[in-house]
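Colleague: Please model the complete structure; the sequences and the hints are all you need to start from.
Protein chains: 4
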Amino acid sequence: MSKGTVVLAYSGGLDTSCILVWLKEEGYDVITYLANIGQEEDFDAAKKKAESLGAKKVFIEDLRAEFVEEFIWPSVQANAVYEDRYLLGTSVARPCIARRQIQIARQEGAQYVSHGATGKGNDQIRFELTCYALYPEVKIIAPWRIPEFYNRFVGRKDLMEYAEKHGIPVPVTPKAPWSMDANLMHISYESGILENPKSHAPADLYLMTKSPEDAPNSPDVLEIEFKKGVPIKVTHVKEGKSKDTPLDIFSYLNEIGGRHGVGRIDIVENRFIGMKSRGIYETPGGTILYHAHLDIETFTMDREVRRIKQGLGVKFAEMLYNGFWYSPECEFVRHCIDKSQESVEGKVQLSVFKGQVYILGRESPKSLYNEELVSMDVQGDYDPCDASGFIKINAVRSVSLRSKLNCPKKFYFQEGFLSINHI
Amino acid sequence: MSKGTVVLAYSGGLDTSCILVWLKEEGYDVITYLANIGQEEDFDAAKKKAESLGAKKVFIEDLRAEFVEEFIWPSVQANAVYEDRYLLGTSVARPCIARRQIQIARQEGAQYVSHGATGKGNDQIRFELTCYALYPEVKIIAPWRIPEFYNRFVGRKDLMEYAEKHGIPVPVTPKAPWSMDANLMHISYESGILENPKSHAPADLYLMTKSPEDAPNSPDVLEIEFKKGVPIKVTHVKEGKSKDTPLDIFSYLNEIGGRHGVGRIDIVENRFIGMKSRGIYETPGGTILYHAHLDIETFTMDREVRRIKQGLGVKFAEMLYNGFWYSPECEFVRHCIDKSQESVEGKVQLSVFKGQVYILGRESPKSLYNEELVSMDVQGDYDPCDASGFIKINAVRSVSLRSKLNCPKKFYFQEGFLSINHI
Amino acid sequence: MSKGTVVLAYSGGLDTSCILVWLKEEGYDVITYLANIGQEEDFDAAKKKAESLGAKKVFIEDLRAEFVEEFIWPSVQANAVYEDRYLLGTSVARPCIARRQIQIARQEGAQYVSHGATGKGNDQIRFELTCYALYPEVKIIAPWRIPEFYNRFVGRKDLMEYAEKHGIPVPVTPKAPWSMDANLMHISYESGILENPKSHAPADLYLMTKSPEDAPNSPDVLEIEFKKGVPIKVTHVKEGKSKDTPLDIFSYLNEIGGRHGVGRIDIVENRFIGMKSRGIYETPGGTILYHAHLDIETFTMDREVRRIKQGLGVKFAEMLYNGFWYSPECEFVRHCIDKSQESVEGKVQLSVFKGQVYILGRESPKSLYNEELVSMDVQGDYDPCDASGFIKINAVRSVSLRSKLNCPKKFYFQEGFLSINHI
Amino acid sequence: MSKGTVVLAYSGGLDTSCILVWLKEEGYDVITYLANIGQEEDFDAAKKKAESLGAKKVFIEDLRAEFVEEFIWPSVQANAVYEDRYLLGTSVARPCIARRQIQIARQEGAQYVSHGATGKGNDQIRFELTCYALYPEVKIIAPWRIPEFYNRFVGRKDLMEYAEKHGIPVPVTPKAPWSMDANLMHISYESGILENPKSHAPADLYLMTKSPEDAPNSPDVLEIEFKKGVPIKVTHVKEGKSKDTPLDIFSYLNEIGGRHGVGRIDIVENRFIGMKSRGIYETPGGTILYHAHLDIETFTMDREVRRIKQGLGVKFAEMLYNGFWYSPECEFVRHCIDKSQESVEGKVQLSVFKGQVYILGRESPKSLYNEELVSMDVQGDYDPCDASGFIKINAVRSVSLRSKLNCPKKFYFQEGFLSINHI
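Protein chains in written order, with full-length UniProt numbering: chain A, 1 to 423; chain B, 1 to 423; chain C, 1 to 423; chain D, 1 to 423.
It is possible that part of the hints are untrue.
To be verified - Computed cross-link-like contacts, DSSO-like style, restricted to lysine-lysine with a CA-CA straight-line distance of at most 30 Å:
1. 347(A) to 198(B)
2. 198(D) to 198(C)
3. 339(A) to 157(C)
4. 24(A) to 49(A)
5. 198(B) to 366(A)
6. 238(A) to 198(B)
7. 48(B) to 198(A)
8. 198(C) to 366(D)
9. 227(D) to 339(B)
10. 157(B) to 48(B)
11. 157(B) to 198(A)
12. 347(B) to 210(B)
13. 48(A) to 157(A)
14. 198(C) to 238(D)
15. 339(B) to 339(D)
16. 56(B) to 238(A)
17. 241(D) to 227(C)
18. 227(D) to 198(C)
19. 157(C) to 48(C)
20. 3(C) to 139(C)
21. 198(D) to 228(C)
22. 165(D) to 233(C)
23. 228(C) to 339(A)
24. 243(A) to 198(B)
25. 243(B) to 198(A)
26. 366(C) to 198(D)
27. 339(C) to 243(C)
If you're looking for bench data, these hints aren't it; they were derived computationally from the structure.
Modeller: Right, dumping it as structure tokens:
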């Protein structure tokens, strides 16, 4: 008798194929689910493979459009960056994938979900927090955290042997000496030979971007139009070509960014689980959008609103990285950020060249930029005398503090505000 | 009889030459002071010019070493960036320049200081807050905020006429249709034709960096060594060349960065005075250091310390931009940031190419990176089962919230944590 | 010929009466405006006085209801406290008063507004930032910042002489040796003999609250009901009496709080203008509400939402104190805080006694409190084993750091995480 | 053969006595350790009981002085408050207790430590994070998280039976229907009948403070002197009595606060583990110090330093609550806060009466309060005209925004800065 039904996030690869069979061995009915979020994949082959391995049902789901609109767009609005560098391409995909998995589990009456994420990584957390949030009673089977599983499959060799024994097709091409994760937003590379933080990444690692050295010798100039903080149109200025649906816009930016080698980073980051890890990422379209959005936002948003929103964006990035997309606080912050984007509207022109994005200019019907006010040549509605008062009042705190110190001349340049007895 | 002595921050240009003469006309004794903070300048010519215009005394001060060590280095430690983009090259020079001006004023018994900064900009504030902090009784003459002055000199033409009338040498080359400010850290360009935020910057604007399009077709690879968060050595990996004093290190990074077109940005920013302005900056060496420091810092600093320090860095950047270097709060924050850098030590290898800086690898005797702990191939001293408990406890808040909602199946993927009556 | 029309914020007192006459002398038509925001005042007498002094028109406006609903309620939602102690009773009244003043100015076609606030205080800023925000072209006449005025009226004696000369009724009772500001939310006392921060406030200073020593010897127990973070009903538990409109609720809380001496504080605070000042405040109803709201909020709001909201509340309090109620950032923050209050609903029981408010219990249909989950006697849907993993994963950062230190036994209790070379 | 040696945090009560015997049953050698951190306890009796139950060694450690100096004092400097209300009396004791436990474990060569904290609370985390930080290789036995233990001892009855069977003296007085935790800083009450958040706490619950209703009818006035942010002397103004060692000062403040019923709160708080719990606390001395320190700090600290320090204090309180005293980030924050306290020095006079603390006045040699500057009667070194410029520059952002809106008169009071198309 079956122990129940599991919806397994299935990639078609060796690991999750072994998990599929192992789950069956353990007495579960297995439904496989493979999300198309823009990765290169032979989805048909994966489907057939799953069926041949005994999956009760196979779901292949195209989530690309909702991935862009519901997950990438809010991240663009937030200028979400983790630890000042990482654009969160993996993190943002996880709640999107897990949400559909939960929908399938509920629809199919499955009490279990399962995934092949490791026990040391962030993804297990991102998947499972989403699952628990959307399906509180769900039971999660994470084989890489179950001793009977991980003690049996200590290395790749054990998986290969198991595969051969159970008729699981074994990959013929040797595995790259690192692991990768790909979706519409980025490809990440980690583990294996990359674990040594000192060693340089091999030149042939990157799949989504050309090497800047091999990139075209002349730039592509784009104009990106925003409304409410999200892109609504991208135009190639010279070619006149344009895109205007979310998925098309993002895919086109990937194409242009990829061609010019945009968005490669090599970082050490801090996992939620408490350890540092080294990751290499390429995020071509996301990097272009990051720069463009930052520009139009600063152009159209009040300084102090921006300051508060910047702090919320940092928090949002941490939540996203840690797997809390579906949490009260992340919903709250997304709401606030969305509110801040009401007037983030206009066009940014930028040049993409040899791994870099250069902002060239911007315009907006809602800009708060006041050319007359700022002009050096026109006085405008501004009285320079006001600045004197402004400065003097801003100096009140430190002037009265310094006077109090009654600092002797020979130490006039010495610091020491804090402990007024220094001097 | 003299109204007193003024120490004038003198650039040798048309504006401050007119101010010099005007101050004399107004009855002041004028001492000129010109700081060498790395800008291209004929200091001898400026000296002679000031003397010929009647300066009572002329100071030319080489502040380059202290500028790097006491001002740029703390900014590097802080990863100081204003509004996510601007590396603060102008802001960081101001307290350095004004500090020496105040030292001269005190030493020469001058009650007044003067400068040629405009009434709409940030620099007036940065200069004057420094002056008031270090010399609370000082009186500041800011001609561009004095109606008799600015109403008399409405345009450049008025200055030219005044110059001719008073024997002030008039520049023969036409002025660029924008204004610029240069120092060791960067050159900024603004005003004039750049005031239209939509128009692209002319290709020939940049003086410190080559155009990425004309930059060499092969990268330079550098190794930068840090100790306590500041660079102590830079080595050109191929050529074996190295530098190890602050000024030499920074100048060399400028040379390499400049050759590859690194550090150009075109932004709209928010001035302290409340208006938005457009600025174009090139910060070659500073940009390389920003990336390198960020990398070694994340490698050697605890995650949560880093998070707090990141917030302090954002505050530091705002203070620096707004002119509060010499303030109790900035001293406090510099102290805290400095404390955070105690273990920020090690070497970063990076490649500079076509406007971009690529981190290649890093090593450190104080790294918190634990290769065994993070390894996918080795279990290490880590029990994957712990992650299950970690995730489940992290889900307690949202699980109990969702359970409470008792959300009906058909809405299982609907959001609505905040207002639990939605569903 | 008239220089134009001024709307003067008129209190009926000596200062603004002199200002009224002085403005007429200066050639303005003067409209007086007196807001009833709950202060003790003979509004009829003030009206007659203004008319007799030559006011062209006299407005007496009852703003009490809108003051509570539109200004106090958002502050309650925010738990707004300045510098950890001050409940902002003066600050919150200023935008309310100035808004109506601007409405009158626009409606009456006046180009000017005027007020009697001093040049060293916060109120001038709060009034004027509101005026500029709502009527950008307005011109403001602040006599206490105009040399001809403040040099003429150096002390109270000068005002008295001027009053006598111009037929302004002179107060017969001697002025208290401090100044005060009263409204529905609080009375503030400052200046005069209170300027010495060491000297104790006189016992007879307080007008809104009884001395706790003279307060009743038994408590009053109230139940306050909240919806969306604002009180919708207050009930006296024993007497059964209840109030349910905003103004009635707040007035009743003032009555109860006042009777028991609730909400007295004596603080030194930091003005926006940069100086420290000493203020004494009594905020009876506001203090009760502060405690009650804090309680129901923590009961019904998710922990992490609360943490973010707490930070926004601190920012809101600073904006409010500094006069930025009508600013983009304050509008933004109010919106976010309002969003956070959607589920802040329920009843709080509290006891008011001898200057103190004691929370006794709370209940809510939207509480996130889960009695079973937290119970020591019932396991509930919680597996204690999960906590082990949670703790161990939370220890990963410091365990791996400490292991690295390889700290010798004799120093095992020594600190020194930050600089790992200490040990 | 012994499985090894365990150092058990032993309270002398039923639970830990059963744990002691159970550990022996399980094959461990047990060393008991009981910390005196100021709770009421018969330490001799506890010692004898442990010995009679078979403890291999018994440690009774008087930690009161170090508890005050090394743990409470930094919390006073930080103004540490969790969720705006809780003064962290339990949290701050945990690292102090666990540190000594670890010292004993290392000294006695024990590989294990054990405690009787429950699996749903915060204390398990605070104990264990300290243990792991100071003794990374330690193994922790937490019986209330071990199924064999907690399934065997489901209710108090099981413990009683076990006790009787194993010769463990059974308490004769019935247990209070709640649990409590006492130390020098506070007593906390929770669980049992208190788990219903609506029900009022029984009047006879409190042990450390008198009921305000029964408190003396006249206040005690104290003067507390601070240096570097910590109290160095407390004087009873009338009686002339004074105390000047940390432990004496704190004990005396407890005595005075206790007599007047100071520091009682009834709150619902958010545990680190994700659930809300109801706690009742009495913190007499800590509450007095909180108010006094806040006062002297604001009096002597620059406004902007204070603002940054306030944020650090909130973070410190969260770390402390969550158990991260011994963590890199908490060490860092303590260092920063300590730095901020350099000039926090002076005397505060306050009155303690009927549950409340009233600040009466303060003085300091390092005050930044400038009586002349703030005076309403003296101009001082302050030009009121400067305020005009200050205000106008502060209005630039919103004036230019509003002008842009070109808001029609009839909507002049309407809000809508953020979405400039509203109007």
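Colleague: Could you run down the list of hints and mark each one as holding or not?
Modeller: Evaluated hints:
This hinted pair checks out: residue 347(A) and residue 198(B) have alpha carbons roughly 9 Å apart, not beyond 30 Å. Among the hinted pairs, residue 198(D) with residue 198(C) is inconsistent with the structure: their alpha-carbon atoms are about 43 Å apart, more than 30 Å. Simply put, residue 339(A) and residue 157(C) have alpha-carbon atoms about 54 Å apart, too far for the 30 Å limit, and the pair is violated. Between residue 24(A) and residue 49(A) the CA atoms are separated by roughly 15 Å; this keeps the pair inside 30 Å, and the hint holds.
Taken as a hint, the residue 198(B) and residue 366(A) pair is honoured in the structure, with Cα atoms around 14 Å apart against an allowance of 30 Å. A hinted pair counts as satisfied when its Cα atoms are at most 30 Å apart, and residue 238(A) with residue 198(B) qualifies at roughly 17 Å. Proximity of residue 48(B) to residue 198(A) is assessed by CA-CA distance (about 54 Å); at most 30 Å being required, the pair is judged violated. Of the pairs offered as hints, the one joining residue 198(C) and residue 366(D) holds, with about 14 Å between alpha carbons and a cut-off of 30 Å not exceeded.
Between the alpha carbons of residue 227(D) and residue 339(B) the distance comes to roughly 23 Å, so the proposed pair stays at or under 30 Å and holds. Under the criterion of a C-alpha separation no larger than 30 Å, the hint pairing residue 157(B) with residue 48(B) is consistent with the structure, at around 24 Å. Between the alpha carbons of residue 157(B) and residue 198(A) the distance comes to roughly 59 Å, so the proposed pair goes past 30 Å and is violated. A distance of roughly 27 Å separates the Cα atoms of residue 347(B) and residue 210(B); the hinted pair therefore holds under the 30 Å criterion.
Restraint check for residue 48(A) and residue 157(A): satisfied, since their Cα atoms lie roughly 24 Å apart, inside the 30 Å limit. A threshold of 30 Å between alpha carbons decides the hint, and for residue 198(C) with residue 238(D) the separation of about 17 Å falls inside it, so the pair holds. Note on residue 339(B) and residue 339(D): the hinted pairing holds, with a Cα-Cα distance of about 11 Å set against a maximum of 30 Å. Our distance criterion of 30 Å between C-alpha atoms is broken by residue 56(B) and residue 238(A), whose separation comes to about 59 Å.
Annotation: proposed proximity of residue 241(D) to residue 227(C) is violated, straight-line Cα distance about 50 Å (limit 30 Å). As the CA atoms of residue 227(D) and residue 198(C) are separated by approximately 18 Å, the hinted pair is consistent with the 30 Å bound. With a CA separation close to 24 Å, the supplied pair residue 157(C) and residue 48(C) stays within the 30 Å bound. For the suggested pair residue 3(C) and residue 139(C), the alpha carbons sit about 12 Å apart, so the restraint of at most 30 Å is met.
For the hint pairing residue 198(D) with residue 228(C), the CA-to-CA distance comes to about 20 Å; that is within 30 Å, so the pair holds. Taking the CA atoms of residue 165(D) and residue 233(C), the gap is near 57 Å; set against the 30 Å cutoff, the hint is violated. For the hint pairing residue 228(C) with residue 339(A), the CA-to-CA distance comes to about 19 Å; that is within 30 Å, so the pair holds. At roughly 22 Å between alpha-carbon atoms, residue 243(A) and residue 198(B) fall within 30 Å of each other, so this suggested pair holds.
A threshold of 30 Å between alpha carbons decides the hint, and for residue 243(B) with residue 198(A) the separation of about 22 Å falls inside it, so the pair holds. Distance check on the hinted pair: residue 366(C) and residue 198(D) sit about 14 Å apart at the alpha-carbon level, within 30 Å; holds. Under the criterion of a C-alpha separation no larger than 30 Å, the hint pairing residue 339(C) with residue 243(C) is consistent with the structure, at around 26 Å.
In summary, the structure is inconsistent with hints 2, 3, 7, 11, 16, 17, 22 from the numbered list given earlier, while agreeing with the others.
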